[in-house]
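Visitor: Sequence:
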Amino acid sequence: MGWERVRHSEIPKGFLVERARYAQRRIAELVIEEDFVGTHVRRAAGVDVSFRENYAIGVAVVVDRDTFSVIDVSIAKTEVRFPYIPTLLGFRETYPAYKALKGLREEYDVLFVDGNGRLHPYRAGFACQLGLVIDKPTIGVAKSLLIGEIGNWNNDVAPVIYQGETIGVALKTSPRAKPIYVSVGHKISLWKAVQVTRDFTRTGLREPEPLRQAHNYSVKARREIC
DNA sequence: GCGACAG
DNA sequence: ATCTTGTCGC
6 MGWERVRHSE IPKGFLVERA RYAQRRIAEL VIEEDFVGTH VRRAAGVDVS
56 FRENYAIGVA VVVDRDTFSV IDVSIAKTEV RFPYIPTLLG FRETYPAYKA
106 LKGLREEYDV LFVDGNGRLH PYRAGFACQL GLVIDKPTIG VAKSLLIGEI
156 GNWNNDVAPV IYQGETIGVA LKTSPRAKPI YVSVGHKISL WKAVQVTRDF
206 TRTGLREPEP LRQAHNYSVK ARREIC
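Heads up, this note's numbering is the position in the first sequence plus 5, with the first residue counted as 1.
Derived from the structure by calculation, the hints contain no laboratory data.
Among the hints, erroneous ones may be present.
Unchecked claim - Derived PhoX-like pairs: lysine-lysine, alpha-carbon spacing no greater than 25 Å straight-line:
#1 Lys82 <-> Lys148
#2 Lys177 <-> Lys148
#3 Lys183 <-> Lys148
#4 Lys225 <-> Lys107
#5 Lys18 <-> Lys104
#6 Lys104 <-> Lys148
#7 Lys82 <-> Lys225
#8 Lys82 <-> Lys18
#9 Lys104 <-> Lys183
#10 Lys107 <-> Lys82
#11 Lys148 <-> Lys225
#12 Lys104 <-> Lys82
Said to hold, decoys possible - Simulated restraints on C-beta separations:
#13 Glu229 <-> Asp204: 46 to 52 Å
#14 Arg86 <-> Gly43: 32 to 38 Å
#15 Gly209 <-> Phe20: 38 to 44 Å
#16 Glu154 <-> Ser74: 19 to 25 Å
#17 Ile166 <-> Ile90: 23 to 29 Å
#18 Arg181 <-> Ile230: 22 to 28 Å
Glycine included, every Cβ here is placed at the ideal spot set by N, Cα and C.
Using the sequences and the hints, build the whole thing.
Guide: Shown next, in the form of structure tokens:
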């Protein structure tokens with residue numbers, strides 16, 4: 006390492022990228038890739054964050070697996086405190102996402118996060134950061150590839166390899182759509198994460214329902230609350 | 001050094 | 001992510 010150029014202008018005073026990397030190395034050590042989810046995953050939460058002017062709107066929902074219905078919604082508004090910088094997404098979105106999740110009244114077995122988990126240059130993406138804070142099984146789902154190369158497809162799945170290691174999976178949930186990228190956030194194995202993602206994705210739709218719903222509510226909330 | 005780069 | 005209307009197609 007040694008060099009790191011990052012958009013400097015919008016970074017808050019006192020924030021050192023070097024310290025963020027230190028935190029990420031620590032996060033990477035703390036993440037657990039073993040399954041803490043039971044065989045029956047009945048409820049999943051999903052979080053999404055949208056922005057408007059200098060505000061971030063975090064939305065969390067809980068979805069029932071059998072009916073795909075939304076049984077709880079929580080919305081939180083915070084001030085934006087950090088710019089968007091690839092590989093540092095967690096420092097921008099963890100706080101609003103956390104606040105939204107804390108507002109949920111219903112329980113959930115697993116959490117879906119809109120962004121990568123271990124599929125990150127330091128193996129410490131947004132989903133890992135949030136997963137550790139929430140301390141629940143967490144799955145990262147990104148809509149485009151941040152790093153790595155896609156290996157051989159086996160039906161609808163392909164490993165995402167980075168530095169010789171499979172740290173994510175490309176998943177074609179819908180035949181025509183581009184794949185989504187699944188990776189471990191916390192307390193779950195990669196393969197269980199893929200299975201649960203499948204279980205919560207409605208046929209014909211690209212994203213798992215908790216994330217789709219969280220995003221929908223997030224778009225609505227942005228114009229009603231701001 | 002160049003280019004790429006989750007949301 | 002956000003700024004934005006209609007429009008082509010299943």
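Visitor: Indicate, hint by hint, whether the structure satisfies it.
Guide: Outcome of the hint check:
no., hint, result
1, Lys82 <-> Lys148, "holds (24 Å)"
2, Lys177 <-> Lys148, "holds (11 Å)"
3, Lys183 <-> Lys148, "holds (8 Å)"
4, Lys225 <-> Lys107, "holds (20 Å)"
5, Lys18 <-> Lys104, "holds (24 Å)"
6, Lys104 <-> Lys148, "holds (23 Å)"
7, Lys82 <-> Lys225, "holds (13 Å)"
8, Lys82 <-> Lys18, "holds (23 Å)"
9, Lys104 <-> Lys183, "violated (31 Å)"
10, Lys107 <-> Lys82, "holds (12 Å)"
11, Lys148 <-> Lys225, "holds (21 Å)"
12, Lys104 <-> Lys82, "holds (8 Å)"
13, Glu229 <-> Asp204: 46 to 52 Å, "violated (31 Å)"
14, Arg86 <-> Gly43: 32 to 38 Å, "holds (36 Å)"
15, Gly209 <-> Phe20: 38 to 44 Å, "holds (43 Å)"
16, Glu154 <-> Ser74: 19 to 25 Å, "violated (38 Å)"
17, Ile166 <-> Ile90: 23 to 29 Å, "holds (24 Å)"
18, Arg181 <-> Ile230: 22 to 28 Å, "violated (34 Å)"
The structure is inconsistent with the numbered hints 9, 13, 16 and 18, although it conforms to all the rest.
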